[in-house]
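Protein sequences appear in the order of chains A and B.
Each residue of the first sequence is one higher than the one before, starting from 1 at the first, in UniProt numbering.
Each residue of the second sequence is one higher than the one before, starting from 1 at the first, in UniProt numbering.
It should be emphasised that the hints constitute simulated quantities derived from the structure, not laboratory data.
Check before you lean on any hint, since a few could be wrong.
[Unchecked claim] Here are the simulated EDC-like cross-link-like pairs (lysine to aspartate or glutamate), alpha carbons at most 20 Å apart as the crow flies:
id, chain 1, residue 1, chain 2, residue 2
1, A, K386, B, D50
2, B, K386, A, D6
3, A, K357, B, D50
4, B, K357, A, D6
5, B, K67, B, D50
Each chain, written out:
Protein chains: 2
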Amino acid sequence: MTYPADTPVVGMAGGGQLARMTQQAAIALGVSLRVLAGAADDSAAKVVSDVRVGDDRSLDDLLSFAKGCDVVTFDHEHVPGPHIRELEASGVPCRPGAAALAHAQDKLVMRERLSGMGVPCPAYAHIPAGGALDVLEAFAAEHGWPVVLKATRGGYDGKGVWIIRDSGEAADLVPRLLAEGVDLMAERHVPFRRELAALVARSPYGQGAAYPIVETVQEGGICTEVIAPAPGLSGDLAAEAQRLALAVAEGLGVTGLLAVELFETDAGLLVNELAMRPHNSGHWTIEGARTSQFEQHLRAVLDLPLGSTEPTARYTVMANVLGGDDPDVHSRYFHVMAHDPGVKVHMYGKESRPGRKIGHVTVLGDDLADLRERARHAAGYLRWGKALAEREGRR
Amino acid sequence: MTYPADTPVVGMAGGGQLARMTQQAAIALGVSLRVLAGAADDSAAKVVSDVRVGDDRSLDDLLSFAKGCDVVTFDHEHVPGPHIRELEASGVPCRPGAAALAHAQDKLVMRERLSGMGVPCPAYAHIPAGGALDVLEAFAAEHGWPVVLKATRGGYDGKGVWIIRDSGEAADLVPRLLAEGVDLMAERHVPFRRELAALVARSPYGQGAAYPIVETVQEGGICTEVIAPAPGLSGDLAAEAQRLALAVAEGLGVTGLLAVELFETDAGLLVNELAMRPHNSGHWTIEGARTSQFEQHLRAVLDLPLGSTEPTARYTVMANVLGGDDPDVHSRYFHVMAHDPGVKVHMYGKESRPGRKIGHVTVLGDDLADLRERARHAAGYLRWGKALAEREGRR
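Please model the complete structure; the sequences and the hints are all you need to start from.
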């Protein structure tokens, strides 16, 4: 495999759909994407020529993968921080670096740092293994039930998050989790109006760029729909959310993308979660912004000037396609594409399993109610097929 | 390599930039693209996991490549027709098929068929090996000098096309070409106002879709710039061009994309060339239309419903990036991207050689003069770098 001498090689640890969609941007930029995938049939491994199959929690595999990469980045948060520091020590730039990424890998580290920076967060407390229930009861006494219990590390898509309604539930669950070795923290169950997300990029050179603030709709801890821009959000609050995300990126020394999940409450914005990579709440940018989040991430980690975040339509709506019980998704393209020639279908090449994110759809235009209906219909039909009408009738 | 059971495999013969950009669309559709490339470092081979290195003029290589493909399509016109007929006979759908593709492979076959259908074309005549100069003189006596001389097969980007100004030039060139075994035809040198292109798709099911008509700007036989839609084109003439292209697609039984290059003359439209694949005049659709030509081609050859051809901006301008004398294109990204955060850069992973198409840039907006200036600056800088200003000053 030979490349023009000047073609940079970006290594991405993880072979999921984020790496897969990054490949579309790498093709345009003439950048060579190398993926470290757990298996040769991972989502990204199917569409990249330079695939290394290995374990992204193994230092040996990471060092061998990184050899010849101009920069290493990540499609998830699960590469151990000490390994990233070893990569950095070996001379491979990692973007984001281990020091920044720690805040996306450990929710307690993140809360402590953001609170120290004065960034508004929900009230929280570490739950120590000794005296756990007492600490939790004291937290609930101050902030009220229910309490949000979180694993400090390793959660995603609602996994690692539990809503504890009372002392009885706490006494049932907490000792069990501690016995499994899960490190826990408690957070106030915030009465929010809705969830928002702020997506920004920051380059090593120090340039920042912020996308329009979006509304994210969750069901059962999984994002189902993203509306860009967040409808009815005041200009002041939108600007505050962008400023906040840029300040976090700067304060934490993030290079690449930073997604900040936010609660909009009566008292203002609170930071929920951070991710330092392309994010589900930014898939709308593929068609809905002049520069997609995947291209922006590549530009940022390569220290290229960042691209315009200007929206390309008044509204963009993205809906996730979850797996249903019939895995033959392709045969359902016929209806979806004939019914709506303007819907953009993105499938991830993943086996369909019930509830698994296997793709997304995007629609763009002026009439938000119509766009949401179109996105929901397409995503629902790709999931359920002809059973859709029946299921919708049941609700 | 395993795929979900329902993932179709599209084989594309040829590993150039058209196959490369088709991969971006295949990733979104969850379609598996297999490429038959002449070398492992061909433009598309660098970005596709399923690459077969072989000779797309060898029947054995084609048959082996096609095994397991649900459909075979092409990124150029150079696969021999008899081989495509053999593939079809072996049970592999080829789209376009050999019968249709013959009209894009042989300009004389195309002229005879289109003239028979009543499609307006420039006056033409075959130049037989015996009595060639007499036939050419008679043609010039009827239609005037200069005469356009074309190789009936194998030309591209101005290669295989000669402008013959007088009998002396004819006497010098024609015997030499005939001695090399080139089959020749003459065409009237049409006094056109400008060149246009019509891009349509047609599926085996019989659905058709037409993109807005574009203006193409050529320098030295190479397309340098495409403006979508063609500025100042009357609605009647635009509709006529679309109708004409759809009629050619239907009449010739094209499946997949058909690009029709047109001359706009005082007397109306004339067909110049045909291509049955994604086409340089359609690169603007990646950002400028709701469905890119690459996605549309995949949808058509898979017999999926076609996507919306609606433009996403008032004007889109695409400029080709040609190779300059300094091959380090990547270092020139910094200026281009910092200067214009909205320009979309597409590089093909090809070694830079002077005059070779190595990429393109696209800009979108309302102010056409500004867009053309931005596109020209970005393409020029990627070609020449700091020497650009000097070269522009020289003109």
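Hint numbers not upheld by this structure, sorted from lowest to highest: 1, 3
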